[in-house]
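Guided by the hints, dock chains B and C onto chain A, whose structure is given.
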Amino acid sequence: MFYREAGNFKTSYRDDGQTFPIKLDRMGYYVILGVAAMVVPFVINDYWASAVLLPFLIYAIAAIGLNILTGYAGQVSLGTGGFMAVGAYSVYKLMTAFPDLSILIHVLLAGGITAMVGIAFGLPSLRIKGFYLAVATLAAQFFLVWLFNKVPWFYNYSASGQITAPERTVLGWAVTGPAASPAAKYLVCLAFVIFAAWVARNLTRGMIGRKWMAIRDMDIAAEIIGVNPLTAKLSAFGVSSFFVGIAGALLFAVYLGAAEVGEAFGINKSFLVLFMVIIGGLGSIFGSFAGAAFLVLLPVFLKNVLVGVLGWPTDLAAHIELMIVGALIIFFLIVEPHGLARLWQLVKEKLRLWPFPH
Amino acid sequence: MDQLFYASEVFINGLMTGVMYSLVALGFVLIFKASGVFNYAQGVMALFAALTLVGIMEGQVPFSHLINATFGTHLSNFSWTVGPVVAILLTAGVMVLLAIVIEKLVLQHLVGQEPIILFMATIGLAYFLEGLGDVMWGADIKTLDVGLPQGISDTIEQATANWFGYGFFIDRLDIWATIIAALLVAALVAFSQYTKQGRAMRAVADDHQAALSVGISLQFIWIMVWSIAGFVALVAGIMWGTKSGVQFSLSLIALKALPVLMLGGFTSIPGAIVGGLIIGVGEKLFEFFVGPMVGGATENWFAYVLALIFLVFRPQGLFGERIIERV
Amino acid sequence: MKMKLAALAAGTMMAAAPAMADLIVPNLSYRTGAYGAGGTQYADGFNDYFTLLNERDGGIGGEMIQVPECETAYNTEKGVECYESTKEGALVFNPLSTGITYQLIPKVSVDQKVLYTPGYGRTSAKNGQVFEWVFNAPANYWDGASVAIKYLLDENGGDLNGKKIALVYHNSAYGKEPIRTLTELGEKHGFELTEIPVEAPGQEQKSQWLQIRRDQPDYVLMWGWGVMNQVAIQEAANIRFPMENFIGIWWTGSEIDVMPAGAASNGYKAVTFNGVGTDYPIYEDLQTHVIEPGLASQGGEHIGSAVYSRGMYAAVVIAEAIRKAQELAGTSAIDAPQLREGFENLNMTQERLAEIGLPDFGPAFELSCSNHGGNGKARIQQWDAEAQQWTLITDFTEPDSEILEPLIEADSTAFAEENGITPKDC
Chain A
1 MFYREAGNFK TSYRDDGQTF PIKLDRMGYY VILGVAAMVV PFVINDYWAS
51 AVLLPFLIYA IAAIGLNILT GYAGQVSLGT GGFMAVGAYS VYKLMTAFPD
101 LSILIHVLLA GGITAMVGIA FGLPSLRIKG FYLAVATLAA QFFLVWLFNK
151 VPWFYNYSAS GQITAPERTV LGWAVTGPAA SPAAKYLVCL AFVIFAAWVA
201 RNLTRGMIGR KWMAIRDMDI AAEIIGVNPL TAKLSAFGVS SFFVGIAGAL
251 LFAVYLGAAE VGEAFGINKS FLVLFMVIIG GLGSIFGSFA GAAFLVLLPV
301 FLKNVLVGVL GWPTDLAAHI ELMIVGALII FFLIVEPHGL ARLWQLVKEK
351 LRLWPFPH
Chain B
1 MDQLFYASEV FINGLMTGVM YSLVALGFVL IFKASGVFNY AQGVMALFAA
51 LTLVGIMEGQ VPFSHLINAT FGTHLSNFSW TVGPVVAILL TAGVMVLLAI
101 VIEKLVLQHL VGQEPIILFM ATIGLAYFLE GLGDVMWGAD IKTLDVGLPQ
151 GISDTIEQAT ANWFGYGFFI DRLDIWATII AALLVAALVA FSQYTKQGRA
201 MRAVADDHQA ALSVGISLQF IWIMVWSIAG FVALVAGIMW GTKSGVQFSL
251 SLIALKALPV LMLGGFTSIP GAIVGGLIIG VGEKLFEFFV GPMVGGATEN
301 WFAYVLALIF LVFRPQGLFG ERIIERV
Chain C
1 MKMKLAALAA GTMMAAAPAM ADLIVPNLSY RTGAYGAGGT QYADGFNDYF
51 TLLNERDGGI GGEMIQVPEC ETAYNTEKGV ECYESTKEGA LVFNPLSTGI
101 TYQLIPKVSV DQKVLYTPGY GRTSAKNGQV FEWVFNAPAN YWDGASVAIK
151 YLLDENGGDL NGKKIALVYH NSAYGKEPIR TLTELGEKHG FELTEIPVEA
201 PGQEQKSQWL QIRRDQPDYV LMWGWGVMNQ VAIQEAANIR FPMENFIGIW
251 WTGSEIDVMP AGAASNGYKA VTFNGVGTDY PIYEDLQTHV IEPGLASQGG
301 EHIGSAVYSR GMYAAVVIAE AIRKAQELAG TSAIDAPQLR EGFENLNMTQ
351 ERLAEIGLPD FGPAFELSCS NHGGNGKARI QQWDAEAQQW TLITDFTEPD
401 SEILEPLIEA DSTAFAEENG ITPKDC
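Chains as they are written, first to last, in my numbering: chain A, 1 to 358; chain B, 1 to 327; chain C, 1 to 426.
This is chain A alone, in the form it adopts within the complex (with noise of 0.2 Å):
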């Protein structure tokens, strides 16, 4: 009743074809957009920035790269971290060589050389299928980590091997470093968010994003209708890179300012990325946002309902809650085993016929 189809004549296959065909989606759509970018700047604060709205927008950016290249293209891959470090340390190695240049510049050429170094750890792929295929990611996970640790020009030779993000400005605002608004570090991340999603859902539903598709259900049988599994694996493993770099560049250069690579992009944060890919549902864009925020805002939501409100000690806080998120994941997984997108998709269907079902 509150959600229908009816009355939304299609007259032409651009029409058709769009995001959000029906009328009310699109409207919701809208009103999304338009609250994140104009009300919320208003009223963000240091908190909300920085414990709830930057890990969640950067961490769908690095789940859509994800997804790409999981959900769509079907590789697996647990190497998310390393390549989040490649976009950090390319980042950092940028703007302290080239300050003068803006800081998206940087962000986007961070994407660049993560984009590369995710083709060069693809080429396996080509060989190597299914679980096995984590081994070649595990190796660039493990790998480059070691290497931004080991070599002292990545980290500009500092004692300790911590890069710390200098101040840089878009348009006169700071966006990185520690005088940076939360609302204008919002915005940058937001403003990225837009656009990989805006670049996913585009590239997913043309011609490239049916041959990964046709990749990922079978890959031989899609070889044999003429897709090339080369350039269509290596062009998954470039543009997933790609989005994760930015993630990357972006979670170390403004959410957290200061990184070390093997606690902040270890293995501990493939696995994470993979989790929310999964919980949010592979193959969909959707699905990416929503597992995000289950991984990012519930263990925040709990913490504080369990410790702010029931006044628990913190440890055992800690303990119930990877309990809650532990059984809450087999029991969405119970419901609804193709992820939280799927439970949108029911959602829907029965906000569709509702108060009538059938």
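Hints are computed from structural coordinates only; laboratory data are not their basis. It is possible that some hints are incorrect.
[What the hints assert, rightly or not] Under the rule of at most 20 Å between Cα atoms (straight-line distance), these lysine to any residue pairs were calculated in the SDA-like manner:
id : chain 1 : residue 1 : chain 2 : residue 2
1  : B       : K104      : A       : F332
2  : B       : K196      : B       : L184
3  : A       : K150      : B       : M293
4  : A       : K93       : A       : K150
5  : B       : K104      : A       : F331
6  : A       : K93       : A       : W153
7  : A       : K129      : B       : I323
8  : A       : K129      : A       : D217
9  : C       : K188      : C       : E398
10 : A       : K129      : B       : F310
11 : A       : K350      : A       : G28
12 : A       : K150      : C       : L193
13 : B       : K196      : B       : A186
14 : A       : K23       : A       : V35
15 : A       : K129      : B       : P315
16 : B       : K196      : B       : Q219
17 : C       : K164      : C       : L193
18 : B       : K104      : A       : M323
19 : B       : K104      : A       : E336
20 : A       : K93       : C       : A414
21 : A       : K129      : B       : E325
22 : A       : K93       : A       : P166
23 : C       : K87       : A       : A183
24 : C       : K87       : A       : S181
25 : A       : K150      : B       : V290
26 : A       : K350      : A       : I22
27 : C       : K188      : C       : S401
28 : B       : K196      : B       : S213
29 : B       : K104      : A       : I324
30 : B       : K196      : B       : D206
31 : A       : K129      : B       : E114
32 : B       : K104      : A       : P337
33 : A       : K129      : B       : L318
34 : A       : K93       : A       : I113
[As the list claims (entries may be wrong)] For each label pair, taking beta carbons as the anchor points, the in silico distance ranges come out as:
id : chain 1 : residue 1 : chain 2 : residue 2 : range
35 : C       : E386      : B       : S76       : 20 to 28 Å
36 : A       : N268      : B       : F5        : 35 to 43 Å
37 : A       : L123      : C       : E244      : 49 to 57 Å
38 : B       : Q209      : A       : V335      : 20 to 28 Å
39 : C       : E244      : B       : A159      : 27 to 35 Å
C-beta atoms are modelled at their ideal positions from N, C-alpha and C, and glycine is treated no differently.
Positioned in the frame of chain A, the structure of chains B and C alone reads:
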């Protein structure tokens, strides 16, 4: 000449370390073989088993921290302690119980789902068990002593010193680990070859549908396999926990088992052993010869590079089932 | 769902904000994760001392102290969340993590909060001209390295020429800290340094210890944390490395590090800047005011342990700085900038420590506007496996400032340049 001795010492110790990796990898293989589930929670199960073992041995009150925080009591220990053998048996019982609960609450509801979804469920399980282990037994580092000897083996050092003029270092704990691993593998092979349940297990591993149609209970087999994997996790937990004390980091040994699995093939028990040995020797020799030139700490990534090199030539792992693709 | 969560979270966050008017000293602790065992003890010591002040004296200068705790799990992202959620009205932060410290160093100067990192964090923060808001007294890693070498010099009659010293370190920012200092000291005293990194977490150290067995270094120094400590001490015992030639930094010198190796760990040494054990008069007060009424943090099972004592020591220094700040500001309700003044004028004397009930518990030190790190004095403790306790075997020793001063100067200047800070003139 010295270099040769050093290299062979590193080689032998690499083999021993490889056995320790294999112990962890075995648990993964068992479950993957029988149910096609990549059990991410295997490392956490090792931690949970070791925590339970120490808890039982020392007579800790489970959930004491939670109880104390809720009711303001000061519980910590029962007044008894339990001997290692009894405690190991009791812990094995707990792992069987855990297997039953996992089957009833999780796996049963996910029959026939894709592998990635089952993998995801084990991630949830890993989170849950990690929290549960800590809430049950506390997050302190616990000393685990089930009577296994540790330290350099004097006999071997003496003997090699007499023969070669250089005493080799071999840890007695590693020797025990090798013996136990050999016994474990022999028992597993015997079980799966010669018992009715073992044959049923192999049938399920070959084909779920066909196994069901000849009247094998999938439920029972899964519970059995998870129990065995739980027991293997306990053995791995004892071995690693004896060295470092039982603490959270024990769950991270799973990371050491990943390259072993991929090298050996997910479905092969001999693969887990041979893979472990190759990884152990390979990473130790690389660290010995190349490590000093590049600044050391190469073991973590070299294990994967080694596995990668093997996989490029054999994409299904050394002992994995041949991947046959049909269009 | 997102919206609902957000709304709920907003509601809970309001409730979580602490009541104003008290002095707020947040405890960013970690009781879970790979380093949780050490973090728990530290946090207990930190909490218990403030509980004691509140219960016995009614706070400091009549102001109660609030210690809201927040779990970081040694994770920088959770650390940021904790910092942001507790910074409202907070005076000083003590995150017990090098990673989180690096994160907070730029932030605290903008938010005007004091960051106190005793025995960890960024070493060059000792230079108060560049790091206005950061204090790392009484000692830092470079001091620790230098004190360990001084001790070895004493053992060897002042001569380390031709000796081989191996450094086993956690392959991270924290573990790499002493390398520069030790290299310079090696040049000065003529010993040969071998660097042996251990990749985190460090469950498997066979290669490293086989290397030590081959090279036969005279001494092994260790910078480790977490599971790496227990395994290293066990492996050292396995290769029969003489324990009395094995010296750890303070974070590798707690009971839980040596206990799993049992009797084999007897004689192991560690550098420390605080006392250990319950042989101090303060524990009588702690018993009556904190433990018996059941107010001890987590039931008080770690009281007197090395890391517990270090947490308590951090609390003692903060409390003294607060006292000083109240005296200077002429009001008891101080804010963070006033506390910074208190830190800069802090004079910890042995008399004062004795008054507190902790005679000879830490070194005497004096801070100033340019010196935020004290004099770096530390001492050596040794493990007695039979009695299951640490024994202090040296007095407080001063580090080699001739080597350290230029290093600190160089590193802090580099930081100032990179971040466009003009060093304060004082």
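Hints, one by one, checked against the model:
no. : hint                         : in the structure
1   : B/K104 to A/F332             : holds, 16 Å
2   : B/K196 to B/L184             : holds, 19 Å
3   : A/K150 to B/M293             : holds, 12 Å
4   : A/K93 to A/K150              : holds, 16 Å
5   : B/K104 to A/F331             : holds, 13 Å
6   : A/K93 to A/W153              : holds, 9 Å
7   : A/K129 to B/I323             : holds, 10 Å
8   : A/K129 to A/D217             : holds, 12 Å
9   : C/K188 to C/E398             : holds, 17 Å
10  : A/K129 to B/F310             : holds, 14 Å
11  : A/K350 to A/G28              : holds, 18 Å
12  : A/K150 to C/L193             : holds, 18 Å
13  : B/K196 to B/A186             : holds, 17 Å
14  : A/K23 to A/V35               : holds, 18 Å
15  : A/K129 to B/P315             : holds, 7 Å
16  : B/K196 to B/Q219             : holds, 16 Å
17  : C/K164 to C/L193             : holds, 6 Å
18  : B/K104 to A/M323             : holds, 18 Å
19  : B/K104 to A/E336             : holds, 18 Å
20  : A/K93 to C/A414              : holds, 16 Å
21  : A/K129 to B/E325             : holds, 11 Å
22  : A/K93 to A/P166              : holds, 11 Å
23  : C/K87 to A/A183              : holds, 18 Å
24  : C/K87 to A/S181              : holds, 16 Å
25  : A/K150 to B/V290             : holds, 14 Å
26  : A/K350 to A/I22              : holds, 15 Å
27  : C/K188 to C/S401             : holds, 13 Å
28  : B/K196 to B/S213             : holds, 16 Å
29  : B/K104 to A/I324             : holds, 18 Å
30  : B/K196 to B/D206             : holds, 15 Å
31  : A/K129 to B/E114             : holds, 16 Å
32  : B/K104 to A/P337             : holds, 17 Å
33  : A/K129 to B/L318             : holds, 14 Å
34  : A/K93 to A/I113              : holds, 12 Å
35  : C/E386 to B/S76: 20 to 28 Å  : holds, 24 Å
36  : A/N268 to B/F5: 35 to 43 Å   : holds, 40 Å
37  : A/L123 to C/E244: 49 to 57 Å : holds, 52 Å
38  : B/Q209 to A/V335: 20 to 28 Å : holds, 26 Å
39  : C/E244 to B/A159: 27 to 35 Å : holds, 29 Å
Of the numbered hints listed earlier, not one is contradicted by the structure.
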